[in-house]
Amino acid sequence: NAGVTQTPKFQVLKTGQSMTLQCAQDMNHEYMSWYRQDPGMGLRLIHYSVGAGITDQGEVPNGYNVSRSTTEDFPLRLLSAAPSQTSVYFCASSLTDGNDEQFFGPGTRLTVL
Amino acid sequence: DQQVKQNSPSLSVQEGRISILNCDYTNSMFDYFLWYKKYPAEGPTFLISISSIKDKNEDGRFTVFLNKSAKHLSLHIVPSQPGDSAVYFCAASATGANSKLTFGKGITLSVRP
Chain F
-5 NAGVTQTPKF QVLKTGQSMT LQCAQDMNHE YMSWYRQDPG MGLRLIHYSV GAGITDQGEV
55 PNGYNVSRST TEDFPLRLLS AAPSQTSVYF CASSLTDGND EQFFGPGTRL TVL
Chain P
4 DQQVKQNSPS LSVQEGRISI LNCDYTNSMF DYFLWYKKYP AEGPTFLISI SSIKDKNEDG
64 RFTVFLNKSA KHLSLHIVPS QPGDSAVYFC AASATGANSK LTFGKGITLS VRP
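These protein sequence lines are chains F and P, in that order.
Count the first sequence with this note's numbering and you get residues -5 to 107, in order.
Count the second sequence with this note's numbering and you get residues 4 to 116, in order.
One thing to keep in mind: the hints can contain errors.
Stretch-level coverage of chain P by chain F, calculated; a stretch enters the list once three of its residues show a Cβ under 8 angstroms from a Cβ in chain F [stated by the list, open to error]:
1. 56 to 64
2. 104 to 111
Computed far set for chain P versus chain F, every beta-carbon distance over 10 angstroms [said to hold, decoys possible]:
3. SER13
4. LEU14
5. VAL16
6. GLU18
7. PHE68
8. LYS71
9. LYS74
10. VAL81
11. ASP87
12. SER88
Under the rule of at most 30 angstroms between Cα atoms (straight-line distance), these lysine-lysine pairs were calculated in the BS3-like manner [as the list claims (entries may be wrong)]:
13. P:LYS103 x P:LYS8
14. P:LYS71 x P:LYS57
15. P:LYS103 x P:LYS74
16. P:LYS8 x P:LYS59
17. P:LYS59 x F:LYS8
18. P:LYS57 x P:LYS103
19. F:LYS3 x P:LYS71
20. P:LYS108 x P:LYS59
21. P:LYS108 x F:LYS3
Calculated directly from the structure, the hints in this document are not laboratory data.
All residues carry an ideal CB built from backbone N, CA and C; glycine is no exception.
My request is simple: use the sequences and hints to build the entire structure.
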């Protein structure tokens, strides 16, 4: 099993550009989530999904979109990148919900200029 | 408003001694608590959890204590090893909210050989 994979590992964008961060898991987990980690801020939940076709907002959803068309994939879209979105992004998955052990991907380091 | 607080940003202990990492929460609806460990340039990994119906949970060298009346939990690592040097995040969730996790800011633990 590859676990949770994220691409790309690093990305530099200009303000206003859009992009999609990819996340995939091969553990047949129902629950998937996206977090951002900023210095001194810990991990903050952006969006999450409890199963294919179902998504919901977390603590900091503004500026991001998600969709869950398959169990395996949970992409995060930045619609119009802003410097405030410079961060490290982690995708995670767990069997049923957030209380289960969440398996995190290695992260994507995004810089918006 | 920070609902999960890890007020000490760092902790340094001697190898073989006990490490005590503290966490406080303000939301009385939280009933499940987890600790995650993170090494640089990697995603967090699950360490240990505790339900509010318990006041202690032990897994090898790691023990989590929960004091519901004080809204306080602590992670004890005995004995501490250099490989335990990492950032430790406390997280909490409330039943029925799809168990969305709220993370603290993290504590950087350094174990000196």
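Against the structure, the hints come out as follows:
1. Counting residues of the stretch 56 to 64 of chain P whose CB falls under 8 angstroms from any CB of chain F gives 0; the rule of at least 3 is not met.
2. Coverage of a stretch by a chain is defined here by at least three residues with a beta carbon nearer than 8 angstroms to that chain's beta carbons; for the stretch 104 to 111 of chain P and chain F the count is 6, and the condition holds.
3. Look at SER13 (chain P): its CB is around 12 angstroms from the nearest CB on chain F, clear of 10 angstroms, so calling it non-interface holds up.
4. Under the 10 angstroms C-beta cut-off, the non-interface status given to LEU14 (chain P) relative to chain F holds; the minimum distance is some 16 angstroms.
5. Consistency note on VAL16 (chain P): stated as away from chain F, and its beta-carbon is indeed over 10 angstroms from all of that chain's, at 22 angstroms minimum.
6. With 10 angstroms as the threshold on Cβ separation, the claim that GLU18 (chain P) sits away from chain F holds: the shortest Cβ distance comes to roughly 27 angstroms.
7. The beta carbon of PHE68 (chain P) sits about 19 angstroms from the closest Cβ of chain F, which is more than 10 angstroms, so the claim that it is off the interface holds.
8. With a least beta-carbon separation of about 17 angstroms from chain F, LYS71 (chain P) lies farther than 10 angstroms from that chain, consistent with its non-interface assignment.
9. The non-interface label for LYS74 (chain P) is consistent with chain F: the shortest C-beta to C-beta separation is roughly 18 angstroms, beyond 10 angstroms.
10. For VAL81 (chain P), the condition that its CB be more than 10 angstroms from all CB atoms of chain F holds, with the nearest at approximately 22 angstroms.
11. Every C-beta of chain F lies more than 10 angstroms from that of ASP87 (chain P), the closest at about 18 angstroms, which supports listing it as non-interface.
12. Non-interface call for SER88 (chain P) relative to chain F: holds, since the shortest CB-CB distance, roughly 18 angstroms, exceeds 10 angstroms.
13. Restraint check for LYS103 (chain P) and LYS8 (chain P): satisfied, since their Cα atoms lie roughly 17 angstroms apart, inside the 30 angstroms limit.
14. A threshold of 30 angstroms between alpha carbons decides the hint, and for LYS71 (chain P) with LYS57 (chain P) the separation of about 9 angstroms falls inside it, so the pair holds.
15. Restraint check for LYS103 (chain P) and LYS74 (chain P): the C-alpha separation of about 19 angstroms stays at or below 30 angstroms, so the hint holds.
16. Under the criterion of a C-alpha separation no larger than 30 angstroms, the hint pairing LYS8 (chain P) with LYS59 (chain P) is consistent with the structure, at around 20 angstroms.
17. Between LYS59 (chain P) and LYS8 (chain F) the alpha-carbon distance is near 49 angstroms, which puts this suggested pair outside the 30 angstroms criterion.
18. A hinted pair counts as satisfied when its Cα atoms are at most 30 angstroms apart, and LYS57 (chain P) with LYS103 (chain P) qualifies at roughly 20 angstroms.
19. Our distance criterion of 30 angstroms between C-alpha atoms is broken by LYS3 (chain F) and LYS71 (chain P), whose separation comes to about 40 angstroms.
20. Simply put, LYS108 (chain P) and LYS59 (chain P) have alpha-carbon atoms about 23 angstroms apart, close enough for the 30 angstroms limit, and the pair holds.
21. Between LYS108 (chain P) and LYS3 (chain F) the CA atoms are separated by roughly 23 angstroms; this keeps the pair inside 30 angstroms, and the hint holds.
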